[in-house]
Amino acid sequence: MLAHLPILQVVVPLMAAPLCWFLNRSKLVWIFSLLVCAATCVNSILLLIEVMKSGTIIYELGGWEAPWGIEFRIDKLNAFLLLIISSIATVVMFAANTSIQKELSEDRHTLFYSLYLLSLTGMYGIVATGDAFNVFVFLEISSLSAYALIALGNDRRALWAAFQYLIMGTIGATFILIGIGMLYQMTGTLNMSDLAIRLVDVGHTRTVFAAFAFLIVGICLKLALFPLHLWLPNAYAYAPSIVTAFLAATSTKVAVYLLIRFTFTVFGISFSFTTLPLQSILMVLGLVGVFVASITAIYQQNVKHILAYSSIAQVGYMIIGYSINTSTGVMATLLHLFNHALMKSALFLALGAVMYRIGSVQLSQFQGLGRQMPLTMAAIVIGGLSLIGVPLTVGFISKWYLLIASVEAGMWPVAVLILLGSLLAIVYIWRIVEMAYFRPPLPGRDTVEEAPWTFLGPIWVLVIANIYFGIDTRLSVQVAQAASQSLFGITP
Amino acid sequence: MFLGLYNYWIAILLMMIGFYIVIAHGNLVKKLVGLTIFQTSVFIFYISVGVVERGSAPILAEGISDYSNPLPHVLILTAIVVGIATTALGLALVIRIKESYGCVEEDEIQKLDQLNEEES
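Which chain is which? The protein sequence lines are A and B, in order.
For the first sequence, my numbering assigns the number 7 to the initial residue and increments by one for each residue that follows.
For the second sequence, my numbering assigns the number 10 to the initial residue and increments by one for each residue that follows.
Simulated from the structure, these hints should not be mistaken for laboratory data.
All residues carry an ideal CB built from backbone N, CA and C; glycine is no exception.
Any given hint could turn out to be false.
To be verified - A few chain B residues facing chain A, derived, Cβ under 10 angstroms: (1) ASN16; (2) TRP18; (3) TYR29; (4) SER65; (5) VAL91; (6) LEU121.
As the list claims (entries may be wrong) - SDA-like cross-link-like pairs, simulated, lysine to any residue; straight-line CA separation at most 25 angstroms: (7) B/LYS39 to A/SER366; (8) B/LYS107 to A/LEU14; (9) B/LYS39 to B/LEU80; (10) B/LYS39 to B/LEU23; (11) B/LYS120 to B/VAL90; (12) B/LYS107 to A/THR211; (13) B/LYS120 to A/ARG163; (14) B/LYS120 to A/SER366.
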């Protein structure tokens, strides 16, 4: 059983998704999906313990040996990502039942859960697999179900957002497919570790450069790096609240993982960062992304839009850490992956709670909510502080390491810009706080009750995690450090 | 020399045509058509990668020693299925968009959305 953990991670939700249709009763399906998510979460914890203890796990599908067969290869980086995705998916799933009762019609509930599980399957697959073509297939599984999940939103703009995401996402995935095809053409293998060995000989050819460019652009479309982020704000804003919380915390993270995996493991550091000016391009795009997205966020009227633009800015931070190209920089990126997943899922879930009570997340509707929904608003405030990067929250930890990394690499201006970017976060978070706490309740509205505990539970679990991992950083820092060191080939 | 690799030129041409249609056309169905052409060009690229000169189909028979590489074909079967799923989902979304907006033109949809926002 223990030997089959890597494949179980993917197969359990994959098999569970169609099973949802047999249960076909909203509550039953919810409990079932929750159990499945929890099972994969336990699975990923076991995997992480195993990997930290005894190193990379290699699982050969069907017993076929690596260059010919497909293998799942779990190292510290994968295990860390699996843990992030599965734990967030489980916590978000707790709130799903309450939220979709309100936002979706009864006949769509089963559909929602099976799509959720399928999307999860795809993400696990992308992270776990060691085969380049598998990445594309799993990417499409997770994306197709994500498009459908977004289209479930009540507002008709959800459909339009889903369609735009579909066009952009498919172009991105097809670019990745072209890149993989070119790599196969040059090396005759699809296995990532095998590719890494064989690419050394052909690294100077133009085909490999083209493959690299296609892959990077495709992945950057998926991770919503500025200026390829246009699909993200509307997709997040009009999707059902649960879907936003789930996708915001997981899908872009998976794309960042892909970027790291392809540049570090497949192409190798020396190719990725020396033959092409990737480092400086991504650094500039990351920095510009932080500022443009944060400033756009300040002018939004829909709170979901504010946080969606803030997500784009946070992706910018991850890319900055990545493009510093030192072990500390990549570690800061990985930490921020973990931390951003915690804060954004907490914030978007809290917005889901607001949506549940007042049916809107327009900023003007937030008037006076601070007194009427004290716990939900407190969660938004703490989540917001974490976004800004105030000490004692996780946001501070990742920004701190980001600053250390940029100073270590002698990039003082970058450090200053990171700090300035955080100041912009204060502005857009303050707009929400001011509306909620310093304005009288909206006239003509009945007193709003606090959100039900089924919502508050998951939200506060995430908020407490936000504070806990801001104080006790042993787990996150240790794993991120181990993962980034293994990427750079440093043995601790 | 240029024409010797005509299969790649065809793939690139199709790719550009498909990409152009996606960007330039406002009609959602046409956008999907463009997307399909774009994806098809990649399929053709993959298939031509697998060709071995004078190689036959990878079937074991007497007198045949050179085989084309079957792996890209198999990969592309998967990608075709993915492409069909994408197109189907896209068309389903177009139907839903038509139902709720009453049109399938990008600029009209955006106009309706703007009107919506001004009212609220």
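Here is what the structure says about each hint:
| no. | hint | verdict |
| --- | --- | --- |
| 1 | ASN16 | 12 angstroms, violated |
| 2 | TRP18 | 15 angstroms, violated |
| 3 | TYR29 | 12 angstroms, violated |
| 4 | SER65 | 19 angstroms, violated |
| 5 | VAL91 | 5 angstroms, holds |
| 6 | LEU121 | 9 angstroms, holds |
| 7 | B/LYS39 to A/SER366 | 34 angstroms, violated |
| 8 | B/LYS107 to A/LEU14 | 41 angstroms, violated |
| 9 | B/LYS39 to B/LEU80 | 32 angstroms, violated |
| 10 | B/LYS39 to B/LEU23 | 15 angstroms, holds |
| 11 | B/LYS120 to B/VAL90 | 35 angstroms, violated |
| 12 | B/LYS107 to A/THR211 | 48 angstroms, violated |
| 13 | B/LYS120 to A/ARG163 | 12 angstroms, holds |
| 14 | B/LYS120 to A/SER366 | 22 angstroms, holds |
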